[in-house]
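**Student:** Residue numbers (our numbering), protein chains in the order written: chain P, 1 to 158; chain V, 159 to 316; chain X, 317 to 404; chain Z, 405 to 492.
Some hints here could point you the wrong way.
Below 27 Å or equal to it, Euclidean Cα-Cα: the simulated DSSO-like pairs (lysine-lysine) are [what the hints assert, rightly or not]:
(1) X:Lys390 <-> V:Lys284
(2) P:Lys132 <-> Z:Lys478
(3) V:Lys236 <-> P:Lys150
(4) V:Lys308 <-> V:Lys284
To be clear, the hints were calculated from the coordinates, so they are not data collected in a lab.
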Amino acid sequence: MDEMISVQTQDFDMAAEYQALLANTDGTSNSSDGAVVTFVGLVRDYNQGNHVEGLTLEHYPGMTEKALEDIVVAAQSKWPLGKVRVIHRIGKLALSDQIVFVGVTSKHREAAFEATQFIMDFLKNKAPFWKKEVTNIGERWVEAEDKDVKAQQRWDKA
Amino acid sequence: MDEMISVQTQDFDMAAEYQALLANTDGTSNSSDGAVVTFVGLVRDYNQGNHVEGLTLEHYPGMTEKALEDIVVAAQSKWPLGKVRVIHRIGKLALSDQIVFVGVTSKHREAAFEATQFIMDFLKNKAPFWKKEVTNIGERWVEAEDKDVKAQQRWDKA
Amino acid sequence: MIKVLFFAQLREQLNCAELTINLAEDTRFTAVSTLEQLRTELALTDDNWQSCLQTGKLLMAVNQTIVDGNQVLKDGDEVAFFPPVTGG
Amino acid sequence: MIKVLFFAQLREQLNCAELTINLAEDTRFTAVSTLEQLRTELALTDDNWQSCLQTGKLLMAVNQTIVDGNQVLKDGDEVAFFPPVTGG
Numbered sequence: 001m002d003e004m005i006s007v008q009t010q011d012f013d014m015a016a017e018y019q020a021l022l023a024n025t026d027g028t029s030n031s032s033d034g035a036v037v038t039f040v041g042l043v044r045d046y047n048q049g050n051h052v053e054g055l056t057l058e059h060y061p062g063m064t065e066k067a068l069e070d071i072v073v074a075a076q077s078k079w080p081l082g083k084v085r086v087i088h089r090i091g092k093l094a095l096s097d098q099i100v101f102v103g104v105t106s107k108h109r110e111a112a113f114e115a116t117q118f119i120m121d122f123l124k125n126k127a128p129f130w131k132k133e134v135t136n137i138g139e140r141w142v143e144a145e146d147k148d149v150k151a152q153q154r155w156d157k158a
Numbered sequence: 159m160d161e162m163i164s165v166q167t168q169d170f171d172m173a174a175e176y177q178a179l180l181a182n183t184d185g186t187s188n189s190s191d192g193a194v195v196t197f198v199g200l201v202r203d204y205n206q207g208n209h210v211e212g213l214t215l216e217h218y219p220g221m222t223e224k225a226l227e228d229i230v231v232a233a234q235s236k237w238p239l240g241k242v243r244v245i246h247r248i249g250k251l252a253l254s255d256q257i258v259f260v261g262v263t264s265k266h267r268e269a270a271f272e273a274t275q276f277i278m279d280f281l282k283n284k285a286p287f288w289k290k291e292v293t294n295i296g297e298r299w300v301e302a303e304d305k306d307v308k309a310q311q312r313w314d315k316a
Numbered sequence: 317m318i319k320v321l322f323f324a325q326l327r328e329q330l331n332c333a334e335l336t337i338n339l340a341e342d343t344r345f346t347a348v349s350t351l352e353q354l355r356t357e358l359a360l361t362d363d364n365w366q367s368c369l370q371t372g373k374l375l376m377a378v379n380q381t382i383v384d385g386n387q388v389l390k391d392g393d394e395v396a397f398f399p400p401v402t403g404g
Numbered sequence: 405m406i407k408v409l410f411f412a413q414l415r416e417q418l419n420c421a422e423l424t425i426n427l428a429e430d431t432r433f434t435a436v437s438t439l440e441q442l443r444t445e446l447a448l449t450d451d452n453w454q455s456c457l458q459t460g461k462l463l464m465a466v467n468q469t470i471v472d473g474n475q476v477l478k479d480g481d482e483v484a485f486f487p488p489v490t491g492g
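Hey, can you work out the whole structure from these sequences and the hints?
**Tutor:** Structure follows, in structure tokens:
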């Protein structure tokens with residue numbers, strides 16, 4: 001089976017990940033899924049009131065993979081999904097660098113959209129990654145945000 | 159300015175579209191948007207009870223571009239978006255062919271996810287495209303589905 | 317002169333993609349002022365046009381914008397009738 | 405033996421990434437049975453540990469799963485304390 005979860009220092013190739021989502025595990029093209037949704041998160045230049053120059057991503061080795069897998073399994077039990085792929089980078093990242101990739105295929109667009117959002121909302125609250133930013137006022141640990149907690153909690157009602 | 163809307167017979171290159179979403183119009187990289195959401199719709203092998211072998215997409219030239227532009231403008235007035243790109247193919251398409259691309263960038267993932275879904279939901283109900291499928295029981299026009307109407311109407315309340 | 321376009325299965329069922337109508341001079345249409353009146357008049361063509369055009373699901377556009385039947389028509393308008401859309 | 409890990413700003417504030425504790429033999433910890441009791445005991449180390457570990461926002465994991473303070477600890481467990489996560 002293809003790798004579903006990767007936690008890695010190296011960059012990822014969006015085009016290759018998209019092509020992999022379209023292919024069956026035997027290499028033939030997946031023609032039963034009509035919808036592919038992808039999310040990419042990037043290092044942006046402004047956060048929590050300050051200019052950002054770069055960041056370092058710390059993680060809890062082993063638990064990150066486990067937490068991401070639990071989230072994907074929860075999404076798969078909630079929606080009929082085809083393929084799911086999650087990549088999260090760690091280490092030093094520069095402005096505009098890619099941080100995270102989530103890609104989901106499904107027969108129907110609703111399921112693909114919701115599952116991708118669900119995975120990101122839970123990743124933001126449950127996967128043990130921490131960002132330390134280099135800003136115009138020095139280094140600082142990013143503060144967790146209430147809106148991310150709320151984004152995750154809405155799935156409890158759904 | 160970059161092209162925002164394309165209605166075309168030729169295929170599109172997801173990788174090139176993704177790269178274009180990351181770039182500012184002057185070619186420098188867009189570092190203010192932290193979120194990129196893409197949707198791709200493909201010809202799938204089974205629809206409305208029958209096996210599908212391919213399809214032809216008819217459209218209303220001129221009005222398709224106008225309808226898509228109106229939808230994008232509505233999304234831009236609802237959410238703070240960076241770049242938006244919509245491509246819809248017309249003509250003869252085979253199994254697994256790409257049909258539609260929507261890509262949206264934003265500072266925040268919520269806006270990017272919702273705007274991409276909004277654009278697809280309105281495209282499905284307001285943009286004058288019609289699919290004629292070649293199936294195992296012959297050619298037929300695809301029937302519009304109630305669930306697509308409902309998916310669009312939920313935005314009236316939001 | 318107004319241009320009337322038909323798309324998809326409607327185009328096939330009517331066997332007609334496009335019509336040109338002179339609202340001022342074509343005696344059949346001189347009483348037509350709104351889009352709904354145009355639809356009703358076109359439906360009188362024969363049984364086939366009647367059944368194809370009188371379905372409630374048909375969408376109508378004037379100058380490439382979806383509108384309802386109350387839209388008043390004017391010379392130079394581009395009118396279109398079509399079934400619910402199925403792109404995406 | 406249990407392993408105790410600290411991450412991110414908590415690791416920096418404590419100046420400690422990892423501790424090993426022998427619950428059975430280390431007299432300071434022989435009364436510790438739950439995760440919350442371990443936290444309370446560790447907080448007694450000094451004022452700095454007290455203020456870092458007694459914040460309500462801290463997350464706790466045992467064997468790489470987030471749990472609450474009622475979790476009973478057993479030999480061989482991997483315990484972790486960390487601030488709210490900020491990946492993605």
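**Student:** Now tell me, hint by hint, if it's right for this structure.
**Tutor:** Consistency of the hints with the structure:
no. : hint                  : verdict
1   : X:Lys390 <-> V:Lys284 : holds, 24 Å
2   : P:Lys132 <-> Z:Lys478 : violated, 33 Å
3   : V:Lys236 <-> P:Lys150 : holds, 20 Å
4   : V:Lys308 <-> V:Lys284 : holds, 13 Å
In summary, the one numbered hint that this structure violates is 2.
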